[in-house]
Amino acid sequence: MKVSVAEQVPYRFLPDDFGEHNSSVVTAPYEVVDPGRMHESIFSAYAELMHAVRAGFDGIVVTEHSQSSYDISPNPTLLASAVACAARAEGLDPAIAILGRSLGKTREPLKIAEEYALLDCISGGRLIAGFPVGLSYDANLNASLPAIETRDRAREHRELILKAWTAPRPFPWNGRYEKYGQVNIWPRPIQQPHPPVWIPGTGSPGTLRDILSNDFAFVYLSWDGPKLVGRQVFDRYWDMAEEMGRDRNPYRLAFMQVVAVSETDERAEKEYARHLMALYHSGLGAIPGTAMAVPGYAEPAAIEAMLRGGGPDGMLARMRTATYQEIIDTQVAIVGSPATVADQIEAFVREFRIGNLLVMLQNGSMPRDLTEKNISLFAAEVLPRLRPIWDAEGWENRWWPAATVGVTAGAAGGAAAAAGTEAR
Amino acid sequence: MTTAEAAVRDETVEVWDGRLRLHVKVAGEGPPLLFFHPLSGLAWDPLLGQLAARHTVYAPEHPGTSPGDPHAISQVQTFWELLLGYEELVRELGLDRPAAVGQSFGGMVAADLAATFPRLFSRLVLLSPPGLWLDAAPIPLMQMVAGPPEDVPNYLFAHPESQAAQAAMALPADPGLIPKAIAQSAWNIGCTTKFAWPIADHGLGRRLYRVQAPTLIVWGRQDALIPVAYAEEFGSRIAGSQVEVIDDCGHVLQADQPERTLAAVSKFLAG
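Chain order of the listed sequences is W and C.
319 is the number that our numbering gives to position 319 of the first sequence; each next residue is one higher, with no gaps.
248 is the number that our numbering gives to position 248 of the second sequence; each next residue is one higher, with no gaps.
Bound conformation, chain C alone (with noise of 0.2 Å):
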């Protein structure tokens, strides 16, 4: 990629009748973009800093995720409270129908955001979502989040030895940073699953029929986590939708596929 990395400033917008401050990341120019960051928090990766090359990106950090505001979690009680804060940060953005591009946990909320609010989106990304479940294809959450570290990989990437793989999985390099590093993610992680345990089924599926935004669903043929059985579960269950599964790539598509990855997304959202 030649495109100069935009910068990221910090936002922070008061929604919830005032109890909740959510931190969101902005960076690029464009047309509005909504990214929703997954399970273990956001993290500025290459992905947004392409989309940001031709959108506005809001990537706003899950309730509780953010450094130093560790109990904001508390002020979400359900997952229904949490798409009603994310509509009404939409709305005091002033974002006019801006995109949503969704990863992992965070699709399952930008596609239930898009089934409850019809309107909210002018196109919805959804990549590799948890949201349903198939008896057929059970979804190793909790064994992921409770099993031992050292297993992670094997559930996130096709290629857990790649650079890529090992960027996302990095720990600081310094030693003293470790521990709070640690600290931090495992939070991120109980504040995510808080809307997502022991199996992230809050009904979705019967929703989904509500979704208006021109929709692509893009997974991994050899997503560990969540089975590419799903693909066709969104697929068909949102009319007039695309379903983009790319091969030799696991669950972190954009770790283990990148260029396909962007080139599917970035064709989507340029049409």
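Pulled out of the complex, with its shape left as it was, chain W reads as follows (with noise of 0.2 Å):
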């Protein structure tokens, strides 16, 4: 299997009772940054994520959210773009992950088409294009769009960016909410047809019909850990997926999945607990559930069908008062020895056929150091028992990136380029 190391960038040094008196996202009050600060939570991002291109994952993994205090990353693409070419001067090719612009909140979709096909070159074809619909308070507060619209909206700039990646000549592009008179963008993704499509959601069923009619991968991005939901929408994706005749290839699936891994059990708990309740206290669990779900976001049948508990029932909504034990119980955090970690791991990997596994490392208040650690222990000892999980059944793994401009160890400038001209 493929596990990348995904990260949000959380402003590291929220006050501890920040989440019992602000929301993280939309009204989070600046005044609590200092800058210097600031500049340490995201430069650390960054280190950490080459930290872990050099310690072996197979891709890092980004994601976008504006005015919010849990992950500023108003553009993953600028995050990703240091990595990509950081990693390409060493002469590593991780897979590049967006998961990824939100298509119901641009208002410039084609800046989209443009920075992920960019991004494709400058990683040599490594990028995984995620497209998400937003989240409903990044896109109808922050981004200010209608509501009701949101969906609609995405659906179609996702045609928009895969049109402008593959049509071979200029088209004019009338459509509901865009209008181009000329669409031809330079550069476009090397990856051909085009970069390997992922959808986050959270498992409704017609995100999930539309993704496997489309052949995409589903990434599920819940924060609920695999156990509390996991059964019902991993089942039902893969019900769906026969249903529809499609195969059972695990590579089908990506899972993202907070991990924290130390020399033993209680080390890690020592360690770990007061960081990655910060993440539960004043990043996610400081999110009002009113700007999870603006009126019109949701159709009026979801809605009635979560209020009667037909939804799944995670741990979002108790995120800012759970306790540690409730947060390992529930596996929305797996945290303890390389052997606890992994045993755990693989367990839910298998039940419900994961091929395609995201583990943020960084969560809450972890500072540089321990994340770091974080990641070393976990390349070291857990990985490796990760990855052949499923190379007995076979699969192949078309949603992940074919290299196409091989990498040239130490390269830069010309000898890249000439690289380049050679794999053309």
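Hints in this document: simulated from the structure, not taken from any laboratory.
All figures in this text were calculated on a predicted structure; none of them were measured in a lab.
Treat the hints with care, as some may be off.
[As the list claims (entries may be wrong)] Computed spacing ranges between beta-carbons, pair by pair: (1) C/T78 <-> W/P170: 21 to 31 Å; (2) W/G206 <-> C/R19: 46 to 56 Å; (3) W/A380 <-> C/T78: 51 to 61 Å; (4) W/T323 <-> C/A43: 49 to 59 Å; (5) C/Q143 <-> W/G181: 31 to 41 Å.
[Stated by the list, open to error] Covered by chain C, according to a simulated footprint, are these stretches of chain W (three or more residues, beta-carbon under 8 Å): (6) 140 to 148; (7) 287 to 298.
Don't be surprised by glycine CBs; every beta carbon is placed ideally from N, CA and C.
Please assemble the complex out of the two chains, which come individually in their own frames, going by the hints.
Right, here's the structure in full:
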């Protein structure tokens, strides 16, 4: 299987009681920020991703959120681009997954087509193109777009981007939301016909059907861990795949999991518990429920089903007050020695047929040295147990970038360009 | 009020080349009056019953807000299309220069109809509508719609604890019906905010000079959603209009001050 490191970019120095008094999104008060510590928070994310690339992870994963204290990543292609350039210069070729630029939020979908294409070119064809609709607070409050149009806007934007990548000639676009007289972007992706498409979502039937019918990969970005809602969402996905005549290739499915590993279980709790709880209490748990579903974002039938308890009963609504023990018991975070962590991950990966695992190794207030320890230990002692899980079944990972331009160790400038020429 | 409540019946009218079925509640007898409801959808409250005592009231439901027909909203892509649909509705109903009363969001609709089609209405009543914008008096629409539900009454009422305010916010007594009611209410707001988000300004201020119907503008002095400063803004842009500001009154006029609201509206409509 493929194992990548996912990072969000929290401000790591929030006061302990931040979540009791504040929202972590939209209205999060900037007065709490110290500029030097903001630099440290953001630069550490870059440094840790590079540490993960050097440690041998298969890829790096970043996400987009605006006006947020838990993920200061208004444009994740900026951070990803820095990693892609630096990795390339060191002769490394991690996959670069953007999960992604939000299609229901953007007012400039062609910028996404261009930026993704540029990243694919910079990285030598290593981009995974994530196409999320976007969270309600981001699309409807931060970008202030009408909630009821969010999904339709995302649908049109995805269609436009894919066409901008693949149409052989310039074309006009007369959409409902966007009008362009001539679309002819430079550059276009190296990967043909286009980079692999991953669709992040929370597993609604409509989203899953869309993913399977287009033969994209589903990324379950729930934060809820595998235990509470995994059964429901993954069973639905594989049942639907079977109904629609798709195979049970585990690489159709990616899953994100918070993990913290240390030498022993006791030591892991001691080192990580406090920092992890900052994520739940002041980050995710401090997103108001109303900001996740501005009226019009969700269909009336979906809201009614949720209120009747028909939806996944996850942890998000309870995170602000959750205890460390609840977080561990529910596997919202998996924390412990390498053996503990590997056992738990291997079990749910096999059970739910997950081919692409995205591990969140920096969370909440974790400082850089501790994060890098987490990354190193995971790479050395957990990763080797996970890699071969699906080897025996012999599936092809068609949702993973195929490097079409070779990496030249230590290459830069002219040497890299020459390598590119050869590969073409 | 002593008048017996008029029976309310449902009519549906096809407009927009047959693609949109508008659901209209109709009640009463007398000269025609169109009522355009606020953001949250059509609620047949006592004010409508009172208007139906002297008028035939036609109250269209905003596309998508009629139970069982949520996707009608997708047929109306822009605010301009909404106005065209309502102008067509007036013709399809065979109404000859009806009076129009618009409340809040519905007031913006009625005002723009009157500006766009100056001969459509005989009289125009605007109950604290959005549609204009003053930097000095921001309208916290987004804050209300996306904020904590428990704060909503403070935006809408000067007296949130009053019986009328409580009735306006009430959920069904049967707990089994509450999820459907909440889902419907959220969707209604989704359908109306499509044309009012994040700021309800479609350039109405530049068109209001075109309004020819005699116009009454009614506002609550303590309106916490659309500040009373907008009463004068509307008044100054519509030639010959009357402005009535009601004291001790919030955004939902007929909840905070039912008698004074009805008196102002009735007197104007009778004149």
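Here is how each hint holds up against the structure:
Checked against the hint of 21 to 31 Å, the pair C/T78 and W/P170 passes, with Cβ atoms roughly 28 Å apart. Range check, W/G206 to C/R19: Cβ separation about 23 Å, and the 46 to 56 Å hint is violated. Under the hint 51 to 61 Å, the C-beta atoms of W/A380 and C/T78, about 58 Å apart, fit the expected range. A hinted range of 49 to 59 Å is violated for the C-beta pair W/T323 and C/A43, which are about 43 Å apart.
At roughly 38 Å, the beta-carbon separation of C/Q143 and W/G181 lies within the given 31 to 41 Å, and the hint holds. Only when three residues or more bring their CB closer than 8 Å to a CB of chain C does the claim for the region 140 to 148 of chain W stand; here the count is 7, and the claim holds. Remark: the region 287 to 298 of chain W is confirmed as covered by chain C, as 9 of its residues place a Cβ nearer than 8 Å to a Cβ of that chain, reaching the required three.
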